[in-house]
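Protein chains: 2
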Amino acid sequence: QGTRDHTPAQAALRDRLLSAVVSCFKRHGGAAIDTPVMELRETLVGKYGEGAKLIYELQDQGGELLALRYDLTVPFARYLAMNKITNMKRYHVAKVYRRDNPATTRGRYREFYQCDFDIAGQFDPMIPDAECLKIVHEILSDLQLGDFVIKVNDRRILNGVFAVCGVPDSKFIPACSTVDKLDKVPWEEVRSEMVGEKGLSPEAADRIGDYVQLHGGLELIERLLQDAQLSQNKLAKEGLGDMKLLFEYLTLFGITGKISFDLSLARGLDYYTGVIFEAVLLQQESERLEEPVSVGSVAGGGRYDGLVGMFDPKGRKVPCVGVSIGIERIFSILEQRLEASGEKLRTTETQVLVATPQKHLLAARLKLISELWDAGIKAEMLYKKDPKLLKQLHYCEDTGIPLAAIVGEQELADGVVKLRDVATREEVRM
Amino acid sequence: QGTRDHTPAQAALRDRLLSAVVSCFKRHGGAAIDTPVMELRETLVGKYGEGAKLIYELQDQGGELLALRYDLTVPFARYLAMNKITNMKRYHVAKVYRRDNPATTRGRYREFYQCDFDIAGQFDPMIPDAECLKIVHEILSDLQLGDFVIKVNDRRILNGVFAVCGVPDSKFIPACSTVDKLDKVPWEEVRSEMVGEKGLSPEAADRIGDYVQLHGGLELIERLLQDAQLSQNKLAKEGLGDMKLLFEYLTLFGITGKISFDLSLARGLDYYTGVIFEAVLLQQESERLEEPVSVGSVAGGGRYDGLVGMFDPKGRKVPCVGVSIGIERIFSILEQRLEASGEKLRTTETQVLVATPQKHLLAARLKLISELWDAGIKAEMLYKKDPKLLKQLHYCEDTGIPLAAIVGEQELADGVVKLRDVATREEVRM
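Residue numbers (our numbering), protein chains in the order written: chain Z, 1 to 430; chain U, 1 to 430.
Any given hint could turn out to be false.
A pair holds if it fits inside one copy or across any two, identical chains being indistinguishable in the list.
[To be verified] Calculated cross-link-like contacts (lysine-lysine; reagent style DSSO-like; alpha-carbon spacing at most 30 angstroms):
id: 1; residue 1: Lys418; residue 2: Lys26
id: 2; residue 1: Lys378; residue 2: Lys244
id: 3; residue 1: Lys344; residue 2: Lys391
id: 4; residue 1: Lys385; residue 2: Lys26
id: 5; residue 1: Lys181; residue 2: Lys391
id: 6; residue 1: Lys344; residue 2: Lys84
id: 7; residue 1: Lys317; residue 2: Lys53
id: 8; residue 1: Lys344; residue 2: Lys53
id: 9; residue 1: Lys344; residue 2: Lys26
id: 10; residue 1: Lys95; residue 2: Lys84
id: 11; residue 1: Lys95; residue 2: Lys53
id: 12; residue 1: Lys388; residue 2: Lys26
id: 13; residue 1: Lys314; residue 2: Lys384
id: 14; residue 1: Lys378; residue 2: Lys26
id: 15; residue 1: Lys367; residue 2: Lys258
id: 16; residue 1: Lys384; residue 2: Lys244
id: 17; residue 1: Lys171; residue 2: Lys244
id: 18; residue 1: Lys418; residue 2: Lys367
id: 19; residue 1: Lys367; residue 2: Lys26
id: 20; residue 1: Lys95; residue 2: Lys26
id: 21; residue 1: Lys181; residue 2: Lys244
Honestly, the hints are just simulated from the structure, not real lab data.
Required output: the full structure, derived from the provided sequences and hints.
Now the structure itself:
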């Protein structure tokens, strides 16, 4: 349940998609690492907030207690701490596992790929953070998924908002995960969850509402830097200062057109400590009613300066910022688009079919195909002793093989091969 | 335990290795599929003989009972049956899981890659089987692993041998798994296991010994076809006839020099029904004493005509033959060789570092690197506002970046960039 096989056509499409993502990661100097699909259970404990109940555990068959990885970020942090690495730019493309309610039509599975790029190290503020946003911008542009917006916020700003609105420290994380729902449900519902389930005062909730419904650009940052309350809060001031710097860098990258500073963005995971962001696709012009409506998140990430320290015996911190591309949703979109276009993706790369037009020529086929393989040419033949020529040519048409190398009695006698262009039917002897 | 992280250098080496294997699979017209890392437990039951106890099971957290895949062959057979596919040439490169005693120095892990190529369908005898052997030959030759031999046998011949030696049907599979140990322990030990643990008569064991210690080529096949007992056994006769045909095809492929018909080859898995084979590396000339000694299996496979039928509700069979490349052992060898050579593998593909020689030029760096990224050029910069030029050039040397694009005050004023070849220190303004 919630998993799927990939047919050759799906595997080919996925390969194309992952190649585009990986080539962007390489363009930014990322090095690949790999980690096991299973981690010690204790490694995953206390990192995912409400997600923890979705972790797949392995049966205790003696030995270590294991679980399947839930994301690629925690294994990365564990890897850095274990190897005492303080400085690294890495990417990792692999499957992760969540016992979630699958919604396969929207690309939500229990086994799914993540494509992560992270920058670890003590650097000058906002330079790696800006690069992560540039990466998201490049990938979504390259893939031509239509219009998108990248929402940006900062956990410090959110915490500052909660503080100045009178929320006690202990309720920051629950308040955060409630605010995070604002992209799916209206403010009224979020407000009533805050007051009901999370036990905030109605006054605090209303004050929060005034802030978290704001979104904009540099002018909003400037305005909040002047805000009578927020400007008095140390965390919020830091976050806003960095947000301003981030926008400066994004201006130099020429991508602020797709960036929205959005105070409702909270992100569900516990480990974020600074900048957070999320990219959403907007509905196409044709389907648009009044305002652009988001059709779902396709990338997200943020800064997590405390996570590596949780795995270091001495608690030594390694600041990190990273991005995860939501490849499954993108895959669903591309799959639907491919289906709509009627285009048929080739599932093999075979260049030539070795064929014979008469009987008793299997030996000739085997000798020729062997020569082709040894020369690095992608070649196939039918696994029949005496296949009909028509059947062999149909196979080419069905699978998109462009050439047939035909060797018959005459060709054998003349020491040549007849090369046929399957589409045009042109033939040359060589 | 028994798993490992891959560092960037290891990930780069593995990527190189897997690319070589996959390009061979594509050369032979393989299409990729992918299946989930977990299967229903019931799918894996009864397929692996003594290996069954090594299956990793997931905890029962409600819902289906799951286990991690043990190989890629059973998931492939399940895929074919589920989708009613009767004809397919597919490859699959993915990790599999076995709760084995790890021997990591010899490349035996609990999580490891398999690279499988399989041909499913009703075809003329031995044509796909011969191609599988050709694939093993190509891959081992391409990777330049030194001398190797591919042992070939047939389950039907082995069963015929057991039958004519007086072993009851019910003991074929245990006898088979005992014979399989002949590559690691001498005949005397295998004999005593047969008589002791497996309960064969000493006479039967001795007669088996006369057969399973034979190995050779076409002449041995011919001799056994004339063997007074074996030639009377239907299964053995079929197997020997097919073996002869196989050698004919392998002669046309020009690879019989590396093929040995070896009656001791049995292979541990239950599901084989016909041809079986295993490639072993031989010790290098330099280390060789008298006879070539095998240093371990690096590929194996065979025909399994009954497996797909086990997953079909009506038991419809799809004949299959396939090969699995033992990538971990090959990886260990390449890793040791790389270490010995002192060669340093680059872990990134960055072409140019964007650098500045004076302070207050971060904006210039960000603008230039953004242009390079947008033009598809792999570029990096240091994440510092004002890094020293020397530090930037050292970074190039450390990570193998060949070029530095330097933009200083003069270059900015002149509207140019200074491109420096890191190795030769040559510079051009452009």
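Structure-based check of each hint:
1. Lys418 - Lys26: The answer is between: 23 angstroms across copies meets 30 angstroms, while 43 angstroms in one copy does not.
2. Lys378 - Lys244: between (54 angstroms within a copy, 28 angstroms between copies)
3. Lys344 - Lys391: within (21 angstroms within a copy, 51 angstroms between copies)
4. Lys385 - Lys26: between (47 angstroms within a copy, 23 angstroms between copies)
5. Lys181 - Lys391: Neither, since 58 angstroms and 45 angstroms both go past 30 angstroms.
6. Lys344 - Lys84: between (48 angstroms within a copy, 21 angstroms between copies)
7. Lys317 - Lys53: For Lys317 and Lys53, only the intra-copy Cα distance (27 angstroms) is at most 30 angstroms; the inter-copy one is 42 angstroms.
8. Lys344 - Lys53: neither (41 angstroms within a copy, 43 angstroms between copies)
9. Lys344 - Lys26: This pair counts as both: shortest intra-copy Cα distance 29 angstroms, inter-copy 18 angstroms.
10. Lys95 - Lys84: Answer is both; intra-copy 25 angstroms and inter-copy 27 angstroms each pass.
11. Lys95 - Lys53: both (18 angstroms within a copy, 26 angstroms between copies)
12. Lys388 - Lys26: between (48 angstroms within a copy, 25 angstroms between copies)
13. Lys314 - Lys384: Answer is between: at 27 angstroms across copies they meet the 30 angstroms cutoff, but 67 angstroms inside does not.
14. Lys378 - Lys26: both (28 angstroms within a copy, 7 angstroms between copies)
15. Lys367 - Lys258: For Lys367 and Lys258, only the inter-copy Cα distance (17 angstroms) is at most 30 angstroms; the intra-copy one is 58 angstroms.
16. Lys384 - Lys244: between (69 angstroms within a copy, 18 angstroms between copies)
17. Lys171 - Lys244: within (27 angstroms within a copy, 77 angstroms between copies)
18. Lys418 - Lys367: within (15 angstroms within a copy, 55 angstroms between copies)
19. Lys367 - Lys26: Between copies, since 19 angstroms is at most 30 angstroms while 41 angstroms is not.
20. Lys95 - Lys26: both (19 angstroms within a copy, 23 angstroms between copies)
21. Lys181 - Lys244: Intra 25 angstroms, inter 69 angstroms, cutoff 30 angstroms: intra-copy only.
When the structure is compared with the earlier hints, violations turn up for hints 5, 8 and for no others.
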